[in-house]
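Engineer: Which chain is which? The protein sequence lines are A and B, in order.
With the working numbering, the residue at position 139 of the first sequence is 139, and numbering never jumps.
With the working numbering, the residue at position 94 of the second sequence is 1094, and numbering never jumps.
These are calculated hints, taken from the structure and not from any lab test.
Where hints are given, some of them may not hold.
What the hints assert, rightly or not - Partial list, computed: chain A residues near chain B (C-beta under 10 Å):
#  : residue
1  : L14
2  : H23
3  : D25
4  : V41
5  : A47
6  : I77
7  : T234
8  : Y235
9  : A256
10 : Y261
11 : E265
12 : T276
13 : T280
14 : F288
15 : I314
16 : K331
Note that the coordinates shown come from a computational prediction; the quantities given were computed from them, not determined experimentally.
Every residue gets a Cβ at the ideal spot worked out from N, C-alpha and C, and that includes glycine.
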Amino acid sequence: MVKVGLIGAGKMGLSHLAILGAHPDVDVVGVCDTSKMVTDVLEKYGAFKGFSDYKKMLQETNPDAVIVAVPTKFHAIIVKDLLERGIHVFAEKPFCLNASQGEELVNIAKNRGLINQVGYHNKFIGNFTELKRLVDGGFLGDIYHFVGESYGPVVTKKKADTWRSDPAEGGGCLMDYASHVIDLINYILAPVSKVRGAILKPIYSGGVEDAVYALLELSNKISGVLSVNWSDETYRKMSTSITVIGTKGKIICDAAEIRIYFKEENSSGYSKGWSTKYITDLTEQVDFYLRGEEYSAQLDYFVKAIEGKVPNTINTFESAWTTDKAIDLIKNTK
Amino acid sequence: MERILFGDNQFFAVNHISDEKSRAQSIRFKDDAAIIKTLDYAREAGINTFMCTTHDRISNICDIIRSNPGKYSDFNIFPCMPYAHKYANAVTELGIVGTLKEYVPGNFFGSLFKGGVAYLSKDYLSIMELMIDAEMKMFKGINTPVIFLQNVITDLLLGLRMTDMLVAFHKYIKKKYNAEAGFITMNMPMLLNVLEKAGVENPIICSSINKVGFRMSGGKKIYEETLRTKKFRAIAMQVLAAGAVPPKEALEYVCSLPNIESILFGASSKGNIQETANLIHQFDSN
């Protein structure tokens, strides 16, 4: 059994907690949150020991691993503390408030040989994995352009300020929403190396942007467009898609379906012309489902990495740090 | 429960395999009249139960049903609560406590945050009851013989091992609404085990059941085994696996399984509704 603690029982934290609570290899030893009400309910009705001070939780429960699902501004300090105590860490996304914070954490985790993962769950969606397989296999020929998009209805009218409207707390569409798309681009194509222009547009929020539009260049010279808007209520929920075009074909991929066009026959498993595959074809069964297979799959991967059953190579701190660096580049584009 | 239940995903742009189709549905069902028309197609096909989420727009549909008592005298609604996106968006924005303040009706919660009696007694089940009542308001005067907890909440409580809350839901629905409680889940075998252990007998459980094992957590085998060996009232949903299985093959499989009391499906066109109903009847009589 892997002994796991959780810090931060908000929306993501509770979702992680439920998935871990149902995981046969996991013993959830403690849950820490600043809300007494939340820890009360978890203690009274659930099977979890609640804490208001995470250090106390660590001392009393001695976990092998900790899930960090607190606001981004606390990531750096808490994750560093955990790593220095020799604890494996799964942190929510985005990784840190800026790239300089993340670098130190990447190094500590590496030097100490600790399992480290960040919650960019899209990488556990079969469609995006399939897109990566086809890109890595060279089936698109010379890739010259991509479009990374994400739209959803998070902020659709002017409202009272929350952490979402404070850039110092990791609020804003760039860090919270666009980070998913940037991370997929890093993973599937290459890291972002230059930003040719960026528009960070407030629509309803006071202090932060609600939309991000940018022209990106990757380290392998592929260019692309980033278009992300979390104030688009024509989407029922967050909808992320990546389009990649090369000299031999084009792929349009989202979490529901992947549409593939090849100019000629090849050995990819898809024929010339258009083919479509769906999430039902490409996503593996999980043992416990809460909000999407990917949420269970990413935690299962983390647990298995601790058990030494899978390599710790997907969504490492280092890959999330690469995403933080791209976010910095976009932020600093004038 | 009737053998066939009519679902509502198509009305609210829920499509598991295509964002494009989901947009098309959103356009098609922009007006309440389009929803009512489709419900009437279902009634013509002999389906008199509408299983729907407690989405704001359902309240308009309820108004129409109430104002035509003759037409809808035999019509049942199975409400499924809550409409999770409403709360999920609120939790992200307002936090858990802020969300409760926004959605729990009455002064009860006001006093709770002023450090009142309710807070000290930690009576969280009463809060749940108030939230159920708030969700049920729109169905006043309509037959709601079965009332469901949506899968995201059922499965959250299951994972958090809050069995008492699941049982409390079951009891409250019976006591207050004189109705059966139902549970929607993506983890049917696990949920049934937990409910059985907690003494809930013969529960109504609605879960994905389809030929390709889509959203059948733990695998198709254990689902089939559970249907064969355990006592519960099963509803099969997502029988087409979001379109991965052709209708005929899909329904043949589901109709061949033992112990499935009802089949839930949604469709937009008259033709598809009629075809699905016919296929179920055909395979049932085989």
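Engineer: Confirm or reject each hint.
Structural biologist: Verification of the hints:
The restraint placing A:L14 at the interface with chain B holds, with a minimum CB-CB distance near 7 Å, inside the 10 Å limit. Because the closest C-beta pair between A:H23 and chain B is about 9 Å apart, less than 10 Å, the hint holds. Interface restraint check: A:D25 against chain B, minimum CB-CB distance 14 Å, threshold 10 Å, status violated. Hint status for A:V41 relative to chain B: holds, with the closest Cβ pair at about 6 Å, below 10 Å.
The criterion of a C-beta within 10 Å of any C-beta in chain B is met by A:A47, whose closest approach is roughly 4 Å, and the hint holds. Using the Cβ-Cβ criterion of 10 Å, the hint placing A:I77 at the interface with chain B is not satisfied: the shortest such distance is roughly 21 Å. Hint status for A:T234 relative to chain B: holds, with the closest Cβ pair at about 7 Å, below 10 Å. Taken as an interface hint, A:Y235 checks out: its beta carbon lies about 8 Å from the nearest beta carbon of chain B, inside 10 Å.
Interface restraint check: A:A256 against chain B, minimum CB-CB distance 5 Å, threshold 10 Å, status holds. Using the Cβ-Cβ criterion of 10 Å, the hint placing A:Y261 at the interface with chain B is not satisfied: the shortest such distance is roughly 16 Å. At a threshold of 10 Å, the smallest CB-CB gap from A:E265 to chain B is about 26 Å, leaving the interface hint violated. This hint holds: A:T276 has a C-beta 9 Å from the nearest C-beta of chain B, less than the 10 Å allowed.
Hint on A:T280 holds. Least Cβ distance to chain B is approximately 4 Å, under the 10 Å limit. Using the Cβ-Cβ criterion of 10 Å, the hint placing A:F288 at the interface with chain B is satisfied: the shortest such distance is roughly 6 Å. Annotation: interface hint on A:I314 violated; nearest CB of chain B at approximately 22 Å, more than 10 Å. Here the hint on A:K331 is broken, as its CB sits about 22 Å from the closest CB of chain B, past 10 Å.
Hints 3, 6, 10, 11, 15 and 16 from the earlier list are contradicted by this structure; the remaining hints agree with it.
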